[in-house]
Structures are given as C-alpha cells and as structure tokens.
Amino acid sequence: MTTQQAAVFDARGITKVYDMGEVQVHALRGVDLQLMDSEVIVLLGPSGSGKSTLLNILGGLDTPTQGQVFYRGSELTRAGESRLTAYRRHHVGFVFQFYNLIPSLTARENVALVTEIADDPMDPEEALAIVDLTDRMDHFPSQLSGGEQQRIAIARAIAKRPDVLLCDEPTGALDISTGVLVLEAIERVNRELATTTAVITHNAAISNIADRVIRLADGRIDGIEANERKLRPDQLSW
Amino acid sequence: MRAIQLKVFRNLWRLKGQVAAIAVVITVGVAMFITYFSTFDSLSRTQATFYERYRFADVFAGVKRAPNHLASRFESIPGVAQVDTRVVAEVALDVEGMSEPVSGRLISMDVARTARLNDVALLRGRLPEPGRTDEVLIGEGFALAHGLDPGGSFYAVINGRKRELDVVGIGLSPEYVYAIRPGDLMPDDSRFGVMWMDHKALATAFDMEGGFNDIALQLVPGASADAAIASLDRLLEPYGGLGAFPRSLQISNWYLDSELRQLRGFGLFVPVVFLSVAAFLLNVVLRRIVAVQREQIAALKALGYSNAQVGWHYAQWSLLISVVGGIFGIWLGSWMGRGMIGLYNDYFRFPFLDYRLTTGVVLTATLFGLAAAIVGALGAVRQAVRLPPAEAMRPAPPALYRKTWIERLGIERVLSQPARIVLRNLKSHPLRTAASIVGIGFSAGLMIIGLFFLDTIDVVMDLQFNQIQRQDITLSFVEPRASAAFREVSRLPGVLDAAPARSLAVRLRAGHRTRQSAILGIETAARLQRVVDTDFRPVDLPPAGLVLSSKLAEILRVRPGSTLTLEVLEGTRPVRQVTVTRTIDEYMGAQAYMDMNTLHGLMREGRILSGAYLRVDPRLADSLYARLKLIPAVAGVALKSAAMIEFQRQMDEMMGVFIFFNVVFAAVITVGVVYNVARIALSERQHELASLRVLGFTRGEISSILLGELAVLTVTAIPLGLAMGYGFAGFMVVVFDTELYRFPLVITPRTYAASALVVLLSAALSGLLVRRRLDHLDLIEVLKVKE
Numbered sequence: 001m002t003t004q005q006a007a008v009f010d011a012r013g014i015t016k017v018y019d020m021g022e023v024q025v026h027a028l029r030g031v032d033l034q035l036m037d038s039e040v041i042v043l044l045g046p047s048g049s050g051k052s053t054l055l056n057i058l059g060g061l062d063t064p065t066q067g068q069v070f071y072r073g074s075e076l077t078r079a080g081e082s083r084l085t086a087y088r089r090h091h092v093g094f095v096f097q098f099y100n101l102i103p104s105l106t107a108r109e110n111v112a113l114v115t116e117i118a119d120d121p122m123d124p125e126e127a128l129a130i131v132d133l134t135d136r137m138d139h140f141p142s143q144l145s146g147g148e149q150q151r152i153a154i155a156r157a158i159a160k161r162p163d164v165l166l167c168d169e170p171t172g173a174l175d176i177s178t179g180v181l182v183l184e185a186i187e188r189v190n191r192e193l194a195t196t197t198a199v200i201t202h203n204a205a206i207s208n209i210a211d212r213v214i215r216l217a218d219g220r221i222d223g224i225e226a227n228e229r230k231l232r233p234d235q236l237s238w
Numbered sequence: 001m002r003a004i005q006l007k008v009f010r011n012l013w014r015l016k017g018q019v020a021a022i023a024v025v026i027t028v029g030v031a032m033f034i035t036y037f038s039t040f041d042s043l044s045r046t047q048a049t050f051y052e053r054y055r056f057a058d059v060f061a062g063v064k065r066a067p068n069h070l071a072s073r074f075e076s077i078p079g080v081a082q083v084d085t086r087v088v089a090e091v092a093l094d095v096e097g098m099s100e101p102v103s104g105r106l107i108s109m110d111v112a113r114t115a116r117l118n119d120v121a122l123l124r125g126r127l128p129e130p131g132r133t134d135e136v137l138i139g140e141g142f143a144l145a146h147g148l149d150p151g152g153s154f155y156a157v158i159n160g161r162k163r164e165l166d167v168v169g170i171g172l173s174p175e176y177v178y179a180i181r182p183g184d185l186m187p188d189d190s191r192f193g194v195m196w197m198d199h200k201a202l203a204t205a206f207d208m209e210g211g212f213n214d215i216a217l218q219l220v221p222g223a224s225a226d227a228a229i230a231s232l233d234r235l236l237e238p239y240g241g242l243g244a245f246p247r248s249l250q251i252s253n254w255y256l257d258s259e260l261r262q263l264r265g266f267g268l269f270v271p272v273v274f275l276s277v278a279a280f281l282l283n284v285v286l287r288r289i290v291a292v293q294r295e296q297i298a299a300l301k302a303l304g305y306s307n308a309q310v311g312w313h314y315a316q317w318s319l320l321i322s323v324v325g326g327i328f329g330i331w332l333g334s335w336m337g338r339g340m341i342g343l344y345n346d347y348f349r350f351p352f353l354d355y356r357l358t359t360g361v362v363l364t365a366t367l368f369g370l371a372a373a374i375v376g377a378l379g380a381v382r383q384a385v386r387l388p389p390a391e392a393m394r395p396a397p398p399a400l401y402r403k404t405w406i407e408r409l410g411i412e413r414v415l416s417q418p419a420r421i422v423l424r425n426l427k428s429h430p431l432r433t434a435a436s437i438v439g440i441g442f443s444a445g446l447m448i449i450g451l452f453f454l455d456t457i458d459v460v461m462d463l464q465f466n467q468i469q470r471q472d473i474t475l476s477f478v479e480p481r482a483s484a485a486f487r488e489v490s491r492l493p494g495v496l497d498a499a500p501a502r503s504l505a506v507r508l509r510a511g512h513r514t515r516q517s518a519i520l521g522i523e524t525a526a527r528l529q530r531v532v533d534t535d536f537r538p539v540d541l542p543p544a545g546l547v548l549s550s551k552l553a554e555i556l557r558v559r560p561g562s563t564l565t566l567e568v569l570e571g572t573r574p575v576r577q578v579t580v581t582r583t584i585d586e587y588m589g590a591q592a593y594m595d596m597n598t599l600h601g602l603m604r605e606g607r608i609l610s611g612a613y614l615r616v617d618p619r620l621a622d623s624l625y626a627r628l629k630l631i632p633a634v635a636g637v638a639l640k641s642a643a644m645i646e647f648q649r650q651m652d653e654m655m656g657v658f659i660f661f662n663v664v665f666a667a668v669i670t671v672g673v674v675y676n677v678a679r680i681a682l683s684e685r686q687h688e689l690a691s692l693r694v695l696g697f698t699r700g701e702i703s704s705i706l707l708g709e710l711a712v713l714t715v716t717a718i719p720l721g722l723a724m725g726y727g728f729a730g731f732m733v734v735v736f737d738t739e740l741y742r743f744p745l746v747i748t749p750r751t752y753a754a755s756a757l758v759v760l761l762s763a764a765l766s767g768l769l770v771r772r773r774l775d776h777l778d779l780i781e782v783l784k785v786k787e
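Line by line, the protein sequences are chains H and B. Letter by letter, the first sequence follows residues 1 to 238 in this note's numbering. Letter by letter, the second sequence follows residues 1 to 787 in this note's numbering.
Everything labelled a hint here was simulated from the structure, so no lab data went into it. Yeah, the Cβ is synthetic: ideal placement off N, Cα and C, and Gly gets one too. Careful, some of the hints might be misleading.
[To be verified] One-sided and incomplete, this derived list gives chain B residues near chain H with beta-carbon spacing under 8 Å:
1) K7
2) P388
3) A505
[Said to hold, decoys possible] Which chain B residues stay away from chain H? Per the calculated CB distances, all over 10 Å, these:
4) R2
5) Q296
6) K301
7) Y305
8) G379
9) T563
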C-alpha cells in the first residue's frame, strides 16, 4: 500500500512540554508529520524520544502545547473534550503495551465494551475471529497469556471499524513468537480493513513491516524513510 | 447487560467484604432514620387523631368551687367554641392485692351529653349510668395493672366514707395518654388510676351539686389561648381559681410532645452520624478504586467513553452500595419502628396506636442514603473524570513521603524501620488519617451516649431518693388542715419518724411572666424531706423570702434579690410581694421553697398542714397502710420504694434496648471504618509488604506494619472519641433540660472504659480479618502484577 493517497493526519510544528513542578520536560520539539490513508507506519525511537506523546496526541488522548493537528481536514487541536471523545469513539482504535484490558470482563465483554458505544461495529465474535481467538472468548484476562491478551486488545480496537489503529509498543511485553502473532493480527487488519495503522516500537526489526518508518530522537523527527522491502511478520526475527 | 455495567457488578462482588461493611453502616443510618421518624409519624398521627376524635381541650383550669351558671359566661369569652365543666376529685383507693393505699382521680362525665370535651374512648363495657354513685368507668392502664374487668370492683374513700365502686367499663382519654400522678417521676398504673363517674352522682358525693371545680375549653381555630386564659382566670378569681393553663402545659400532653421532640432530634442526629461515616468510607474506598483502576479508566477514555460515562460508572458503585444498604435499612427500620411502637404502647395509652410507615418517610430515608452515596462518590468521580487519559497510561507517581514531626522531635533513633513506615504512611494521607480517627471516635462517642444515661440516672436517683426524700411515705391530706391530723397520723403504730408537710398552691408573677407552682414549706434542720442541691449539700432555708429552683428562676427570669408577686391560690388568696433570697440547682421539677414558719406567717395561719412525711418500720408497714386507708383526711399516699422500683424497672427496660443497639451500632461503625481503612492500606502496600517478606521479614513483622497503622489510628481515636462522647452527652444534657427534669453531665470511668473496650474489640476483630489476608499474601503473584 505505498500508493500516495489523501493525508489522514497532518501534524504541524507539534511541541509538547510537561510541567513537572521545578523542571520542564520537552517531550516533542516541533514535529511535522503526515499519515496517509491505509498505510502502515512504524514510529521508531529510544524510550523518552517522544513516540508515545506523539501517538497520544494523534489519538486525541492528549493535546500539544503548540502546533496543529488535522484529522481528515478538521483540526483536532481546537476540539474540546467532548469532540475528542467522539473522535476516539468513532475513528480511533488503540492498542497499548500493557493491553489495558478490563480484568473484570471476559474477552468477549472487553470487545463489547467498544461495540456497545460505536456506530457501526462488528459483532464482538467477528472481531475476535480476526485475531483468531474465538475459542477463548469467555475467558477473563487473567486466564489468558500475554499474547492472547494483546490480541483481545487488538480485537477490541478494531471492532468499531476504526479509521486509524494506533499501537503503542504492542509487542513490548511479549516474546518473539507471541509478538509475531500480534503483528500478524495488526497486519491482517490493515490488509483486510485498509485501516491506517501507526505502530510505536523501539525494536528496529519491527520497522520491516511498515510502509514508512519514522525515526524519533529527543522529541524531533530524525528521519522518515519509505520501506521498499516490506516483510511479513513471520519473516521477522529479533 | 452492557459490558460496563457488568464491570460494576463484578468489581463490587470482588470487594464484597468492604462493600458489606459500608452497606451495613448505611443500613444502620437509614434504619435509624426510619425507626425514629416512622415512630414519630405514627405517634403524632395517633395523637392528632385521638385528640381530634375525642375533643381534647385547648385550655384547662381548676377552681375551688364555682357555680354552674358561670359556664355561660365562659361561653362568651372570645374564641371559645365549647365549654365543659366537671368535678374532679382525688381519692384514696383500696384495691385487692395492694396493701398500701392507691391514689385515684375521679372525674365527672355528663353521660347524657354526646360531644364531651376530653371524652373517653370506651374500649369495653359501657358508660356509668346517670345518677349511679357506685358505677365507674376506669382507665385501661389501671384496669390492666389490677386485672380489673367490667363486673369487677374496688373501694374508694369518697368524702370520708369508704364505698365500693363497680367497674362498668374500661376506657381511655386524651387527657391521660401518659397517666402520671403529679409529683411522680414515672407513671405507675398500679398506684395511680383515673376513673369516670356520672357528673350528677359525683357532684352529689362531693357536695358539689350545682357547681364544678374543673373547666375545659375548646377554642375556635386560630383563637388566642393566652387571651382566653386571662379571661378565664378573671372569671374564676372570686371562686378560688387555681389558674388556667394551655394544652401545651397539660401534663400528659407535655410528656407526649417532649417525647415527640426527642424522637425528631434523635431521628436526625443519629442517622446523620452514620451516613457521614458511610460517606467518608465511600469516599476513601472509591478513591482507592479509582487509583487502582487508573489504567482501566485510561483505556475506557481511549476507547471513546466520555467523562460523563466514566464518572457515572464510578458514581454507580456508590449508589448501588447505598441502595443495597438502604433496602436493608428500610426493612430493619420498619422492624425496629414496630418494636419501638410496641414499647411506646406501654407508656402512652391510646385506644389505637398502629405502626405506620409512610411513603414520605421511606422516600426521605432513601434520599438521605443517596445523599451519603453522592457525597461519598464525589471525590472519586471527580478524580476519575479529571484523570487525563494520556497521563492515566503511566503509573501514578509515588505518594509524597516526608519525615513526620514525631520523628523530627529527635526520637528517630528509637523508632524501628517498621514504626517509621507506619508513621509516614499515616502522614502521607493526612485527610484520610484524620477522617478515620474521627470516624472511629464517633463509635466511642455513640457508646458513651448509650451508657452515660445509666451514670447520670444513678446520680439523680441517689440525690432524689437518698438525699432529698428521706421519708418512706409522703401523705397528702384532702385539704390543708390543722395539725391535729398530723398528730393522729404520726402516732400510728409503725411510724418511726414524722414531719409536717405544707405545700401552697401559688401563681408567681415577675413582670409579665407567670408560673403556677407550689411553695414547699421546709422546717429548719429538716430530717425527712429536705432541700439538697446538685452538689449534694443540704440547703438551710433563710428565715425570710423565697428560695427558687434555678430552673424556675430561669423561667421567671429572676435572680436572688429580685422581687416577685406571689398570688396564693387557696384560702383567702392573699397577694404578697416576696424577695427571692436564693436559687438552688436541682434535677427534678421547678420548685419554690420557703421556711415553714415564714410560710405560716405569710398566710397568717396557724399550724396548717397539707400532709406529712413518714419514716416507717418495714415490719409494720402493711398494718400501717391498712390504718391509713381508713383515715378520711388522707387523700394520697406516695411510697418512695414503689417509686424507686418502678423507676428502675422502666429505666432498665428502656435502657437495656437502647444500650444493646448502641453497642451494636458502635461496633458497626468501628468495623466499617477499621476494616475498610485496613483493606485500602493493604491494597496500597501489598507490594511493599510482599517485598519485605521477600527480604526476609516474617508474617508477624509485616502484619505489625499494617496492623500497627490500625492500632495507631484506634488508639488515637479513643481519647478523641471519649471527648466527643463527653460532648454528645453534654448535648443530650441540654436536650433533656426541661421543666420537669434535668440530668447532670456525669460520666463514670466505667462508662469510658466500656466504650473504649467496645471500640478496641471491634478494631481488633477487623484487624484479624485483614491479618488473614496478609497471611495468604502470594509473594510471587503480588510482585509480578504491575502496580
């Protein structure tokens, strides 16, 4: 999916400063970035480079101190709390490093949590089928392995048929074989649903599945490169 | 059910211990509200209905003797709707099974008339027939106390002659809902009976034909009772009027009203305490939940749940707990209310006293419960709403710890590391620590409220029965008479000591304030009835002037040195100016005293007495009573021992229930607070404690850190709670400061100790419950879970 299409995200000069009492932490120092329809990008960088902050801002979880972010032409940086909530509810799917499942709900119920408030969702079962977990539907998170939990989180993220899928270190807590399963699920969603996907990682190997790789260092973009030789997740090794 | 809803139920189920502990506190709060207010409601409705249906009068007055034609003058008093004139007579009764004489009050009823004021609700039998001097309708309490039924009979000394009276009916009057003999502490149905006889028959028996000695007025709605009283007093003046008074000062109604006021006061105070504690617990627990579920909150928000939805999610926890507690509370409250009405049925006699739990009371109680839930949830909901989703992704920053001031005092070296952890933990949540201490303190305070009554009543009883009344018997004569009657009585076999009694009916006037009262004549160096102040010091009356109980002085707003107008309501009805020479603090009544000789001088009378105080040989008591029954001059005999026993019995009955519930409720609060605080501390520190276990600390050592925290809370809370209890008791003393009785603020060490003990035991119990969890702490699991 390397053909250039319309920009889904257009971020201009984003700066994020955290006020930590006595010190000010510059998480982002003027980032310009565009994300195109249906592409997979990987945000690569060491911890503290501003990856998560950028993802949170794109996902409407956080707002920049300076700069503008447009989502399909409408400015997120001027949206209030309720518009951001609606934006997350209808357009964004999140996958977190530590899954963030609700421990008191089963796999199916965790997915239902989203389908119950989305506009045109899949059935939870359908979403779980995409991540190949229909047989574990009625298990609670504590009864599932880390990889399984992360695939549930992906099912939960995609069940609303989001326009963008934002994954923050989705394999960070997993071993390689489990990580591959999770990445396959992400890749499949992108392939079958054409969902614009951004994956954060500090693992350079994973950038091989991307259409484009964006390197971040110290709150700045260090380089953007198009990946000419995209690999399947099962071809990765680290 | 929606997934987010399922989450609420499953989370609550997981926390069931804590949920139950909070729900029980709410249950008690709601139950107390329901109990007090449904009882208040049932009693006051019954009172209103009874008063209305049986035409309870608005103004009452006694007179020595007034002619019947005066009644038409009363009718022309502005605002008067109906007038009833009656003959009321105090008689001595001789009832089978009672060796001592019993006091009776005979009241005339115009049997032929239909709409009588203060009418009697006929429960069984029939009304007395016109003209029959041997037929009476008797009050239900008296009938039950002596097993008297229609067809039964007893004797009365009527106008000096002993006559047999046949019981033809049993009834109840709005005038005697609380049938207490004047001067008694408690009603005693076996020694005081009210009975009704046909008006003509009674008037004839007491030489009152063509006249009356008691008046009841009913006013048109909105009419001024004060104006009617003034007019009535003027009309009665020439006939020996004893002073008119409004319904609010009618003795039975006064007791009933003050009981209702107390119910309402308690009904607000106690539930507010419990629901405040519940709100505090909800606050603490929910804040902890929100802290633990930071990442879940972040996920929910990231998934598109709005702040309102997230806030509502956590508010639901609180509301659900409150609803569960409330439902049990309503159930428990209606059960206790029913029981309370059952108790009241023994004290207040109504022809019908049904328990009614109205929707209004249930709704208000529910609102109270919900208010506690909302107040309790507020902090946590705000926290959940305010949590920025991006920030929630990261673990919470560690709590801010500082060295405590205790450590900075320089005793740092003596504190072990675990002791430092305990102190710093408490210090790092100052509000929660303070609120926990206050919460536990409340339960100690509640215990004191319960037990303090025993202490204070002991003091009042001791003063009243051992210091003031040293006589065994107080006799009252039918009318004040010369000392010959006294000499006759004092020479009876079995009388060890006798002292004359003189009580003078008066109206005291200071400016525009007036009070009807009786002046008690006290002899110098009195041996039997004495005047003793609340410091247990016998008071010698000054040879001149009037001594007032502080309460009476307060009512009249006079001080020693003030001058009062004294209108005597008997004999030649002289009006005199007297000086108040002293006031004394007393617990019972609002008396006035005067030196016996000064009183005689004031009345320009010889040795005129209204009764006698007797000390008797217990072995000869029965034969003495038999002799007294035959003396026509004797109208009433009050036995100190009977009064003491009855007082003690009724107190035990009431206080037993009251104290039992207080102990249970205090324990509920302590367990609720300590258990929840402990569970939260455990949840916050299981990492730390598990780490310590890994480092080689024993179970006992880590327990001592957690339980040490609870111990510090409890031990700090106890002195505070005892001080709070002192304050509550002081509040009760003010609430119970009435014209009829007052209570001293006396709390014995026994009460303090018992209160502290209940709190300690409840805290220890809660500690044990948490300790069990600590013993089962799974080290690996706890350390694996990401905080």
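Now for the hints, and whether the structure bears them out:
1. K7: K7/B check passes; min Cβ-Cβ to chain H is 5 Å, inside 8 Å.
2. P388: holds (7 Å)
3. A505: violated (77 Å)
4. R2: Answer for R2/B: violated, closest chain H Cβ roughly 5 Å.
5. Q296: At about 5 Å from chain H, Q296/B fails to clear the 10 Å cut-off, so the statement is violated.
6. K301: Incorrect as stated: the minimum Cβ-Cβ distance to chain H is 7 Å, not above 10 Å.
7. Y305: Check fails; 7 Å does not lie beyond 10 Å.
8. G379: It holds; G379/B is separated from chain H by about 20 Å at its closest Cβ, greater than 10 Å.
9. T563: Holds, since 75 Å exceeds 10 Å.
When held up to the earlier numbered hints, the structure conflicts with 3, 4, 5, 6, 7 and fits the remainder.
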